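Chains as they are written, first to last, in numbering that gives the first Met the number 0: chain A, 0 to 467; chain B, 0 to 549.
Calculated directly from the structure, the hints in this document are not laboratory data. It is possible that part of the hints are untrue.
Derived Cβ-Cβ restraints for the label pairs, each shown as a range [stated by the list, open to error]:
1. D98(A) x D225(B): 38 to 48 angstroms
2. Q19(B) x E23(A): 14 to 24 angstroms
3. F544(B) x R20(A): 49 to 59 angstroms
4. R43(B) x D335(A): 18 to 28 angstroms
5. N320(B) x D335(A): 24 to 34 angstroms
Straight-line alpha carbon distances no greater than 30 angstroms define the calculated DSSO-like cross-link-like pairs of lysine-lysine that follow [what the hints assert, rightly or not]:
6. K206(B) x K16(A)
7. K213(A) x K538(B)
8. K206(B) x K84(A)
All values derive from a computational prediction rather than experimental measurement. For glycine and all other residues, C-beta sits at the position ideal for the given N, C-alpha and C.
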Amino acid sequence: MQLHEKIPNNVNLSQDKRLLRALEKWLPDYLRWWGEAGPTDYQADEIYLRTAISVDAKGWAHFDYVKMPDYKWGIFLTPPEPDRKIGFGDFYGNPAWQDVPGEFRNALRRIIVTQGDTEPASVEQQRLLCNSAPSMYDCRNLFQVNVEEGRHLWAMVYLLHAYFGRDGREEAEDLLERRSGDVDKPRILSTFNEPITDWLSFFMFTMFTDRDGKYQLYALAESGFDPLARTTRFMLTEEAHHMFVGETGVGRVVKRACELMKQDPNEDVRGQGGIDLDTVQKYVNFWYSSSLDLFGGEISSNAADYFASGLKGREHEEQFGDHIALHGTYRIPILDDGKMAEREVPLRNAMNEVLRDAYIDDNQRGVDRWNRMIKESGIDYTITLPSRRFNRTMGIYAGSHFDPQGHPIDAEAWERRKYEWLPKDSDRAYVQQLMQPVLEPGKMANWIGAPDRGVKGQPIDFEYIRRV
Amino acid sequence: METTTNPDPVTFARTPDTYQHWKLAIDGEIARLTMAVQEDKPLRPGYRLKLNSYDLGVDIELYDAVQRLRFEHPGVRCVVIGGANDRVFCAGANINMLATSSHAFKVNFCKFTNETRLAIEDASAHSGQKYLAALNGICAGGGYELALACDEIILVDDGNSAVSLPEVPLLGVLPGTGGLTRLVDKRKVRRDLADVFCTIAEGVKGKRAISWGLVDEIATRSRFADAVSRRAAALAAASPARSKRGIALTPLASSRDGDTIRWEHVALAIERDKRVATLTVAGPASGVPLDAAAARAAGASWWPLQAFREIDEALLHLRHNEDEIGLVLLRTQGDLVTCLAVDRALAEGAGDWFVDEVRFFVARVLRRLDLTARSFFALVEPGSCFAGTLFELALAADRSYMLADNDRPVAIAVTPMNGGAYPMSHGLSRLAVRFQGKPGAAEDLLAAPRAYDPTDAEEAGLVTVVADEIDYDDEVRVAIEERVSLSPDALTGLEASLRFPGAENADSKIFARLSAWQNWVFQRPNAVGERGALTLYGKPERPAFDFRRT
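Looking at chain A on its own, in the form it has when it is part of the complex (with noise of 0.2 angstroms):
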């Protein structure tokens, strides 16, 4: 079979030589890559996966039982918008770079293998967790996160193929040389090097740092570079499933444990083998407050020199009335000398504030869905994120401590605290014997509750994953 006939594609794949030629060099190792740092199992069974093979409405979404290894990555770009213009910057109203400019091409390249560098990564933090998968349900799930991801690495790496000549094939190549948590070729963000050996964390990272993905695309599809705003635009529709996974995750975790609360008079969840309110709070404070940490400083230089270049925007960058944003201000509680206060600076140095923003609403829904669950199960508990300054470990709050309702605190009532508020190893400890896996079809963990309903309208008992 021809190359550019295994690779669904709506780049012309099979008229372009040299990026034919390319992938030709690259697909092996990444198989490789995918051999080595993919999930540990399951390799040659059949899981029941949602295949992109086209950019259309019926086409993004195809649903068949595949071997993982043979799942057609593709590269697809959401069709061209005739015309556009450079929607922000000081290029705004620019028509839209179909070729990187040369003034940009090293941040541009940076920005992508950045982004890039994340999509493996998580891969690789998860390879493990379909050893201890609560159902066959979330067991394919998982693959369809990592086939995704693994998609979303080729979305980079076309990018780098196509547009940044040598550099760019070596930076792809250096995409798979490097490994979550590996100490001579560690992934770039640090958040990225942490492994998730429990689902709960898996949940967290689905819900919490998928979504700072979530929102770092929705700012590259404003990108005055077309080619990269229309790559992550068709991300983002694979995006939503990986939310999905984590919000309804930590969703049933919740279910689970109001209904063992409400089977024992003590309202002991953990006494029944569950996973208890208590420790989803902590969860959900040390998972948000390091996703938090992925959008970088509060005030940036390098966030203010994209938005100015026109590299990177906002989430829906048509929303703002001021596309250039050079006279705006923004104001930033900071902390001085023990009290906090308010620093007003450039709005253009305080994208990644803005970035944040949205993304905290967006959060605050979903743990609203959650709290509604347990209002409706006759329980009396609150799941609350806490503030944007807690447990920080990038941008100005990094190296001071702040309460969950974000009041400044000392070293010694945070060292006093801090347990209060984030797992201990006790904890996590507590959480990790209870992985178990379970993998008959319609089977639960008992610490988990059963989804509302399958896969594309399959039954929960559905067999999502066919052993050879």
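Start from chain A and add chain B according to the hints.
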């Protein structure tokens, strides 16, 4: 016009126990100098030293450490410069500091940091203290300049850490100034590759950094510490051992009386209204130790070492705290005969590690003088002792004036120490430079070292102007007044051009370019104009360049 004293002067005296940004650890023949910059301790308020970026305060400590390693730890054969920060070795000079500094401060900052890097190269060349740059993470701009000053560079190979000189694309200024010269002259990186390298803001990592000659070795994160230790041991073993015992570089004492600063042997008197300073050096007193063992016992208080440390402090103070003083009058006071005895001790003690270190140090201070953008006039008057080592001050000056008065005799003396013990940046002695147009003249003078009275001195061409007691005062006064009235920029260019006749080498090229190019770039609108790259760095606007080339 601003004529008040700087209320918060920069000081240069440091001791390792007060370092804020470096950790110095000695383990036998190997020293580890670890950069651990404290973000919240900048030299001046208004910026944070993020990502191990440095300002003058950080570099003053480095300068102190390099100096101390030579005098206090002569047993050290290899110095490993590493970073304490996990992912970043050094992000280079702090940009917010540069953007908020005056032109003079920026230029003098670059000059001082380059002198410190040259001091590292000098320690390697003369004291056999080899430097190994252990780049444990991202190394950008001035950080890479520091690495370039080392004998060898090891870079961690983690798929992300790179060396870079991003100044041109990011800031519109020159890379560390010396960086470009070191790249092509010292490391012999091919000039086209150097051109590419200097326009890639994110730099070059891993195997490509090796193949381009930007680093000598790469090592994975888990093997990095071993690789560094192995290279450090090899460098140490290849360098001949010297004394294990050093001398303590004790702090210098000074006192301030109005506009005069007095050290034990040196005084710096500022006449602010005239924009003139007088630097007076007292020669050695009788009884000064003359053999190497006694000199070692005297340690930091041995006259040549202490006097030149004091001169060094005075020069740095002038550069950084007194930018409106345009002319420095160099005077000496003391006994010519005692001066010549010490001079002989310096000549005959060669080979003793301590005497050698003192000679190298005196040479560095004299080079600092050559490279100081102020006019220098030496005044050779009764009671002065411009002999041998101290005569170098007169040879370094832009002009010298000598009084001829039969009632009050005055003399200067040329000794073997004027024959190359204190080379200038381009490797020549000041005497050789003086007689570029008279082949053999310097050699003749050195073949018969002696004292010169005013008549002889004028005939031999050793002073600029000889005037008798009737003319001298007026002649000197007019010369001073005329000098300070001229454009300081023109004088900076004039002096820097005239001081270094003869062939260039890497050191002199670094400084010629530093003086000229950075002085130019740092005041062009493309760098520091309202919309210049340096002005707008970190701000929401992008720079706008005037694209006309000169």
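The hints, checked one at a time:
no., hint, verdict
1, D98(A) x D225(B): 38 to 48 angstroms, "holds, 46 angstroms"
2, Q19(B) x E23(A): 14 to 24 angstroms, "violated, 55 angstroms"
3, F544(B) x R20(A): 49 to 59 angstroms, "violated, 38 angstroms"
4, R43(B) x D335(A): 18 to 28 angstroms, "holds, 19 angstroms"
5, N320(B) x D335(A): 24 to 34 angstroms, "holds, 31 angstroms"
6, K206(B) x K16(A), "holds, 28 angstroms"
7, K213(A) x K538(B), "holds, 27 angstroms"
8, K206(B) x K84(A), "violated, 40 angstroms"
Checked against the numbered hints above, the structure violates hints 2, 3, 8; every other hint is satisfied.
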